[in-house]
Structures are given as C-alpha cells and as structure tokens.
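Top line first, the protein sequences correspond to chains Y and S.
Final position of the first sequence in the numbering used here is 810; the numbers increase by one with none missing.
Final position of the second sequence in the numbering used here is 61; the numbers increase by one with none missing.
Keep in mind that the hints are not guaranteed to be accurate.
[What the hints assert, rightly or not] Pair ranges (Cβ atoms, derived):
(1) S:13 <-> Y:753: 44 to 52 Å
(2) S:13 <-> Y:206: 55 to 63 Å
(3) S:24 <-> Y:753: 39 to 47 Å
[Said to hold, decoys possible] Below, a list of computed lysine to any residue pairs in the SDA-like style, where the Cα atoms sit at most 25 Å apart:
(4) Y:176 <-> S:5
(5) Y:176 <-> S:2
(6) Y:176 <-> S:1
(7) Y:176 <-> S:13
(8) Y:176 <-> Y:240
(9) Y:176 <-> Y:236
(10) Y:176 <-> S:16
(11) Y:176 <-> Y:149
[Unchecked claim] If we take Cβ atoms under 8 Å as the criterion, some of the chain Y residues that face chain S in the derived model are:
(12) 168
(13) 172
(14) 175
(15) 176
(16) 179
(17) 180
(18) 183
(19) 187
(20) 210
(21) 214
(22) 216
Hints in this document: simulated from the structure, not taken from any laboratory.
Here the structure is a predicted model, which is why all the values come from computation and not from measurement.
Don't be surprised by glycine CBs; every beta carbon is placed ideally from N, CA and C.
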Amino acid sequence: MTAATQCFHCDEAIPAGVDISVRLGGESRPVCCAGCKAAAEFIRDAGLSDYYRFRDAPAPRPEALPDDAWVTYDRPEIQARLVATTGAHSSINLLLEGVRCSACTWLIERRLERVAGVVDVAVNPATGRGRVEWQAGEARLSTLLRTIQGLGYRPHVLGVTDTLEVAVRERRQALKRLFIAGLGMMQVLMFAVAMYAGAFEGMDPFLRRFLRLVSMIVATPVLVYSGRPFLEGAWRNLRARQLGMDVPVAIALVLAYGASTLNTFLGRGEVYFDSVTMFVFLLLLGRFAEMSARHQAGSTSDALLRLQPVSATRLRGSTSERVPVADLAVGDRVLVPAGETFPVDGLLAEGRSTADESLLTGESAPVEKQAGDSVIGGSVNVGQPVRMTVTAVGHDTVLAAVVRLLERAQTERPGIARLADRWASWFVALVLLAAAVVAGAWLVVDPPGAFEATLAVLVVTCPCALSLATPTAITASTAALARGGLLITRADALEALAQATRVVVDKTGTLTVGHPEVVGCERLGTVAPGQCLAIAAALEQSSAHPIARAFRTVPGPLPHASGVSVHPWRGVEGRVDGRPTRIGRRDFVAEICPTRELPDAGLYLGREGEWLAAIGITDPLQPGAVQAVRRLAELGLPTEIASGDHPAAVAAVAAATGVARHHSRLAPEDKVELVRRLEHQGESVVMIGDGVNDAPVLAAANVSIAMGAGASLAQTSADAVLMGQDLRAVPGAIEVARRTVAVIRQNLAWAAAYNLAALPLAAFGLIPPWAAAIGMSASSLLVVANALRLRFRPPPDRLRVDAPPATALA
Amino acid sequence: MSILYVLIPLGLVLVAAAAWAFFWAVGNGQFDDLETPGWSVLIDEDKTGEEDAEEEEHERP
Chain Y
1 MTAATQCFHC DEAIPAGVDI SVRLGGESRP VCCAGCKAAA EFIRDAGLSD YYRFRDAPAP
61 RPEALPDDAW VTYDRPEIQA RLVATTGAHS SINLLLEGVR CSACTWLIER RLERVAGVVD
121 VAVNPATGRG RVEWQAGEAR LSTLLRTIQG LGYRPHVLGV TDTLEVAVRE RRQALKRLFI
181 AGLGMMQVLM FAVAMYAGAF EGMDPFLRRF LRLVSMIVAT PVLVYSGRPF LEGAWRNLRA
241 RQLGMDVPVA IALVLAYGAS TLNTFLGRGE VYFDSVTMFV FLLLLGRFAE MSARHQAGST
301 SDALLRLQPV SATRLRGSTS ERVPVADLAV GDRVLVPAGE TFPVDGLLAE GRSTADESLL
361 TGESAPVEKQ AGDSVIGGSV NVGQPVRMTV TAVGHDTVLA AVVRLLERAQ TERPGIARLA
421 DRWASWFVAL VLLAAAVVAG AWLVVDPPGA FEATLAVLVV TCPCALSLAT PTAITASTAA
481 LARGGLLITR ADALEALAQA TRVVVDKTGT LTVGHPEVVG CERLGTVAPG QCLAIAAALE
541 QSSAHPIARA FRTVPGPLPH ASGVSVHPWR GVEGRVDGRP TRIGRRDFVA EICPTRELPD
601 AGLYLGREGE WLAAIGITDP LQPGAVQAVR RLAELGLPTE IASGDHPAAV AAVAAATGVA
661 RHHSRLAPED KVELVRRLEH QGESVVMIGD GVNDAPVLAA ANVSIAMGAG ASLAQTSADA
721 VLMGQDLRAV PGAIEVARRT VAVIRQNLAW AAAYNLAALP LAAFGLIPPW AAAIGMSASS
781 LLVVANALRL RFRPPPDRLR VDAPPATALA
Chain S
1 MSILYVLIPL GLVLVAAAAW AFFWAVGNGQ FDDLETPGWS VLIDEDKTGE EDAEEEEHER
61 P
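One chain only, chain S, in its complex shape:
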C-alpha cells in the first residue's frame, strides 16, 4: 500500500490544478452567462461592424 504515499500527493496536485483551472475560467468570465452562449450558435446572422454602421446611418434622417 506504500504506493498511496505517492498517489495521494499526486491527487492533491491534480486537485490544485483543477482549482487553478476553475479560478482562471471564472476570472475569464466563462461562468458569467450560462445561457446566451448556448443560444448564440443558433443565431447565424453574423453582422459585421460595417453593416451595423450602415444601418445606423439609415436610421438617422
């Protein structure tokens, strides 16, 4: 069972890595909005900045 003395510290290292990864993800805003990104793949009408600008021009008489 002496392998445990290696595996458990190794496990702790993995846990620490997972914690670090999660902190990075949270800090990166990955968990701020859990709904919109799921929908965004379904919205296929990507507008470029130029098109948006054009539309704004039209709106202003």
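Pulled out of the complex, with its shape left as it was, chain Y reads as follows:
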C-alpha cells in the first residue's frame, strides 16, 4: 500500500540518506524519522497494528509530539497531580490549542463522548479550556489526549505545561496572520482604487490586467496564510458533518477568490481581491480581540496556578534541604523565609507573622498569623521567617480547589450560551439556504448580478457575532468577580444572581465572624473578675458550644470543675471548688442565686447563694455586613436571616445590620423549608451560608454563595464562593451579574437585528461584497467590545471606613 520511498507511518517522502525502519508484522517498514519510528512501534506494541490496515488517511506526522508522548500521563504519579478523582469519576482540565469557535467545541465534545468510559465533556470556545470526566479505570487519559490530537487540536493538560507559553505562541501566530492580512489588504485596496479610477478615466487594458495580476499575487498569501484558520475550520466542520460559522465564510472566500482569479486570467468580468483581503483582515481583527480577552481571563487562574512555588525548604531534625514542592508530604515541617510563598497548606508551628492572601481572597490587608493558625499555600509570608507543618498537598490544597472551581465555571457553558450555539448552527443552515435561493432567483432574473449578490449574502450574514455574544461576556465578568474575591463556580450562577429577588443569610459565621469573644466581665460578688473568668473557663472547657470557644483564651491555671452537665439553650452546670456553679442565661443561673438587680449581659456566672459575674460576650459582625445589607436593599433585594441560634441573639444581629425579617431556632430542614416557601411565592432566593453546615439549604436555593473557609472549599457545591470575609462582594456581584445579562441580551439582540436587516439588503444586491465584509466584521467587533466593558468594573468599595462592629448578644 505504501511505496518504499514513503514513510510507512506518515506517508511523507523519506529524505535521502535516511535509513530507519520498524519491524511490523514480520516485515521491515521504512519510516522517515525517529518520531515516526517511535509512534509506529508504540502502535505495534499496543497491539494496534491493524490501524495501518484500516486507516484511510496517513497519520499526522508526529513532529514535536510522538504519539507516545501522551502515555506519560497514564503513570499514576503524574495522574496524582493532574487528575481530580471524586467517587468513581476522574476529571481533568485541558487547554485546547486551536479551538476557535463553537463548532470546534461541538466536534471535540461529540468525538470524546464516543470514547468508552467518558461521562462528560465540556469545552468552552471562549477560553479554549475543556474539562473531561470519565469513569476511573474505564478510559485512559492518554487515549483521550490522543483522540483530541487526532482531531487536529493540541491538548495541554493544565498544570503540566506552562499555559503562558501556549498563549504566547497563539498570540504570535495571530499577530503574523493579522499583519499579512492587513498589509495585503492595504496593497490590494491601493490597486483597487487605481482600477476604479481607471474605470472612469480610461486605462490601458494591459495595465489593468497587470494590476489585477499583482492584486492576485498579493491576495494569495492573505487567503492561504491569514485565511487558513477559516478554511481549516470549515473543512473540519464539513468532515464532521456539521455547520459552523466558518462554513459560509470559507465558501464566500473561496468563491470570491476563485472567480477573481479566473477573471484575471481570462481578462473579463470583475475581480474581488479587495473584498477577499478586507474580509480576512476584519475577521481576524475580531478574533484577535476575542483571543486577547480569553488570554486575560485565563491569566486569572494561571496566576493562581503559578502562585505555588516549585521548591520548598524541608526540615528534617536539625538539617534542612531544598526539595520540590511535589515531594512534600502531610506532616512535613517546612521553613518559610520572609517574603517567600507558603508552598502548601499547613499550620504555623513556630513563630508569628503576617500573610498576604490577597490573590486568593481579594482581601488586600495582610492577615496576622501565629502558631497554630492555618496558612494557605500560595499566600505570601510578608512578616517573619516561620516554620509550618504541612496539612495538605497537591490536589487537596485550597489553591488547587480554587483553581478547579474557577475552571469549572470557565468551562461550563450556561444555558443561554448553549441556546445561542444551537441557533448559530440553524442560522448557518438558513444562510446557506438563503444564499442558494438568492443565487437561483438572480440567475433567473438578472444572471450577471447573481454572483455579487450571493457573495454579499454569504458574507454579511456570518453569525460570528451571535456565537461570540455570550461566552465573551461570561468570561469577562467571571474574571472580574474573581479578582474581587467572589468565585463563580457554576456558569449558570451569573444568570441566577441577576434574577435574584431575595437574600437569605445564615447568622453565625456569615453575618458574624463566628468566633465569640469575651468583651468584659463585671464583678457581682466577692470573687475578682479574673478568677470569675477562670471558673467560667473551667465550666466551659468540656462544652462544644461555640460560646465555649470564647473562653479558650482565658489564661490558666483553671480551677477543677467536676460533674459538668450541659443544658442546651440554657447553660452549663458543675461543681467548682466543691460548690454547685452555673454559667449561662440569666434565668438559668437565677435558679440557684438570690433575686437582685442585674446588669444587662450575655452570660451570667453564679454559685449557690451568690452571683459572681456578668460576662459580656460578642460575636463581632463581619466587616461590611451592614453596608452589604443596605446595598442589597438598594438593589431591591430584602435580606432575611435564617439562623439556628436563639431568638435574642438573632434579633440583636438583625437590629445591628438593619435586617427586618429574621427566623431563629431553625434546624437545617427548617431552613430548606423556608427557602422552598419563598421560592413557592415566586421569589428567586440567594442563600449565603457556611459551605459545610448549610449544604442542604445551599443546594435548595436558586443560587447559593458559600463562605469560603479553608478545607470546606474543596467539597462545596455552592454556585459561588466568597473568598474573603467581605459581604460587600455580594451586592457587587449582583450588580455585575445584572450588567452581564444585560450585555448578553444587547449582544444577542444586536446580532439578530443586524443579520435580519442586512440579509434582505444583500439579497437584493444593494450591498457590494466589500461593504458586506465591513458590516459583518464591525458587528462582531461591536459585540466583543461591548462584552469587554464588563472587565472595567470599578473595584469593590473597600476603602470606606467600617462602622464599628455592633455588639451582638450571644
């Protein structure tokens, strides 16, 4: 089947002097290079030699990438770092070079879905990122990657390749194409002006033929080199029996160029080299703008990925050694010098310092850390050198979870985008049909004008704008929100946020910080306040109630408490120094103490026959909670508090934040019931809560925002995660979401209106091909530019001075 002078694998001619061969099926087959040899041997060794018998096209020549390059990805130690496994499913994030439009997405998704074991494939054409999920053990990662490569795209597993390098290469390629198209367009237009002038003033026919020939020479590289993405895209579409937006573009380009070339050589009719070059240039300009937006959005998660340093200083006994971060294990002790990045998640073992977590939380102020505090891998140690104990590495780190969530949002395509894609596909079919009808009608009525009118229809109605309208807007606003500290993890979240009519928040840990503090101890009896606190701490020692945490900071030595029993919602009782002692609510302590006038406080301490102290407890409000509630109200979203805490505490927080409606003592089921009831009344509910404890109610709400606290992040199912503690990001996000949806609507409306208006004009021959090229490209550029406005969101209002934290009784 293959001639001996051609490579057995890639079917290219074997260069003179090369003598490499591969043993296959008992025969020696000549190949052209070591790459082909390796590839052929890999296929043979995998028992897939039949490939060579049944293939109907030569294999792509594995230039830089021999086929077995992907096999490395099947090694468990590599997969451990790249593949996320949840239950029986494994998933991986990819950057796909060469993905340019929805049709590419469609092709890759359909092809991969046919691979046995693959559960889900999502590719976002705007970001060029994809996510593949498969049954662990059913499909091999290398198979998936090779399948993608076979389609003509180059997959890059995120985390292994420097994605920046890919972006640079893509940008350089695009710049060159754009330059050739622009330069060629200018030359051809210059000649076109001369020829138009010649048509009026009279021109030597030989000179005219000469100018046409020169125009053709200049237009050829523009079509072949600059226009290649469109031609290739269309070819791919046709092979996949799919109608993408490249198809009408390519048909128009080839028709116009072909007819012009023919007319040049025959010396008759019109030439359209000016339209061809202009069309290519303007289309490329639109794609270049979209590509730049994609790279900038991608740079957010790339920046996060790059946060993690490559090496760290591990301490072994008294010696220290520099090791790759990948070699760190849970329990290792690591030295982090000042100014360096914490390599992985861990607990501060020694020393105190401040950490800059701004890239993860959007919070610009450094956070104080002392021994025992947890630090996040990727944050920067800006204070003193410290030692830390590793608690999580690799995929379990907060950083990895953040990047995964961000990528999930970027690869998922919201409902509105899927709808637009389906439309675009139908639209292309409609365009081709319309072009055929127009061509037929003109041929009957006025044959000489048929060609131009058909060309104009094909060019002017290219649905590029329709396809770019949504993904560009979503990408731009997701990136803007991530910079502000709110991580959108589901693509539909933006749409849902924009439609929200009511906000339900959890109290503890959401509106308030969640760590109660002792703010005062008023002496009521004979015992000194310090001793009172020690007694209280002794009683609370064994209690799991959040309030008990407030007493952990009380300095020892603590008196001995025996027979401690906890009375839910009331307090704690025990014997201290042999006397029955109670701490808790006023009525609870009053049962063993004489009646008397008491100051207002959160907790009371007393022992048989004697009041000891009134202890002030506060759970400080989150910074910005008051402003957030006020701003939400301004946006038309009333806030409600749904808390499991007792009424007095909830009422106090409600009063402090200005929330009118509050519900207390709700079990998780009650919260779900509350949200369901609100939704039943036609409200669209945003639920803000703790990612783990409020998981059921978060799942029930139309859109959920989880407070991103460390380890819980990895398991969150919320639609969005608030990375910092600043609730003001929530009203900010709702504004951005509303603007995003507005921009998408504008874009879709514009694209539809433009196409509907231009189609009849072009059909009646009122638009010459060059004007059609300008109109169509201007439409796409307008849509992209409109979406990019979302990036220029004013930064969240963090500079305003916070109201002093209101005291809430707990």
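Put chain S on the given structure of chain Y with help from the hints.
Chain S in isolation, oriented as in the chain Y frame:
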C-alpha cells in the same frame, strides 16, 4: 506610465521585506509584552546578579 511596471514590483519587494521584518520581530518576542519594556526605562535600580545572590543569603537564616 510604463514606470509603473517597475515601481509596482519594487513596491511588492518592499512589502515582502516588511513582512519578513515583522515575522522576525514577532519571532524574536518583540510583541510579546508591550507594557513592561516601556516601564523598565523608568526603573533605574539595576541589580547585578551578585547583589541578588547576597540578598538571598540574608533571607536564609
């Protein structure tokens, strides 16, 4: 007007030269970063490799 038969091919040669020059510049990374080089002239504290190395020494206790 027969001079056009000389000037236009000459123009094409110039265009080809411009294209070549641009390709060289792109390949050379001249267009990869259009912002930083503009700022770099304003940053006058040039550090030598030795100074950097010294600083690293200080950071490591």
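Hint check results:
At roughly 46 Å, the beta carbons of residue 13 (chain S) and residue 753 (chain Y) sit within the given window of 44 to 52 Å. Taken as a hint, the range 55 to 63 Å is violated for the pair residue 13 (chain S) and residue 206 (chain Y), whose Cβ atoms sit roughly 22 Å apart. Against the hinted window of 39 to 47 Å, the Cβ-Cβ separation of residue 24 (chain S) and residue 753 (chain Y) comes to about 44 Å, which satisfies the hint. Proximity of residue 176 (chain Y) to residue 5 (chain S) is assessed by CA-CA distance (about 29 Å); at most 25 Å being required, the pair is judged violated.
Only pairs whose Cα atoms come within 25 Å are accepted, and residue 176 (chain Y) paired with residue 2 (chain S) is rejected, the gap being roughly 34 Å. Among the hinted pairs, residue 176 (chain Y) with residue 1 (chain S) is inconsistent with the structure: their alpha-carbon atoms are about 34 Å apart, more than 25 Å. In summary, the hint linking residue 176 (chain Y) to residue 13 (chain S) is supported, as the alpha carbons are separated by about 18 Å, within the 25 Å threshold. A threshold of 25 Å between alpha carbons decides the hint, and for residue 176 (chain Y) with residue 240 (chain Y) the separation of about 29 Å lies outside it, so the pair is violated.
Proposed proximity of residue 176 (chain Y) and residue 236 (chain Y) is supported: the alpha carbons are some 23 Å apart, at most 25 Å. Annotation: proposed proximity of residue 176 (chain Y) to residue 16 (chain S) holds, straight-line Cα distance about 13 Å (limit 25 Å). For a cut-off of 25 Å, the pair hint linking residue 176 (chain Y) to residue 149 (chain Y) stands: about 24 Å separates their Cα positions. The beta carbon of residue 168 (chain Y) comes within 6 Å of a beta carbon in chain S, closer than 8 Å, and the hint placing it at the interface holds.
Look at residue 172 (chain Y): its Cβ gets to within about 5 Å of chain S, closer than 8 Å, so that hint holds up. For residue 175 (chain Y), the interface hint holds, the least distance from its beta-carbon to any beta-carbon of chain S being 5 Å, beneath 8 Å. Interface restraint check: residue 176 (chain Y) against chain S, minimum CB-CB distance 6 Å, threshold 8 Å, status holds. Interface hint at residue 179 (chain Y): satisfied, since its Cβ lies 5 Å from the closest Cβ of chain S, which is below the 8 Å cut-off.
Annotation: residue 180 (chain Y) was flagged as interfacial toward chain S, and the flag holds, the nearest CB pair being 6 Å apart, inside 8 Å. Because the smallest distance between the Cβ of residue 183 (chain Y) and any Cβ of chain S comes to about 6 Å, under 8 Å, the interface hint for this residue holds. Because the closest C-beta pair between residue 187 (chain Y) and chain S is about 6 Å apart, less than 8 Å, the hint holds. Evaluation of the residue 210 (chain Y) hint against chain S yields a held restraint, the C-beta minimum of about 7 Å falling below 8 Å.
For residue 214 (chain Y), the interface hint holds, since its Cβ comes within 8 Å of a Cβ in chain S; the closest pair sits about 6 Å apart. Among the interface hints, the one on residue 216 (chain Y) is violated; its C-beta lies about 12 Å from the nearest C-beta in chain S, farther than the 8 Å criterion.
Checked against the numbered hints given earlier, the structure breaks hints 2, 4, 5, 6, 8, 22 and satisfies all the rest.
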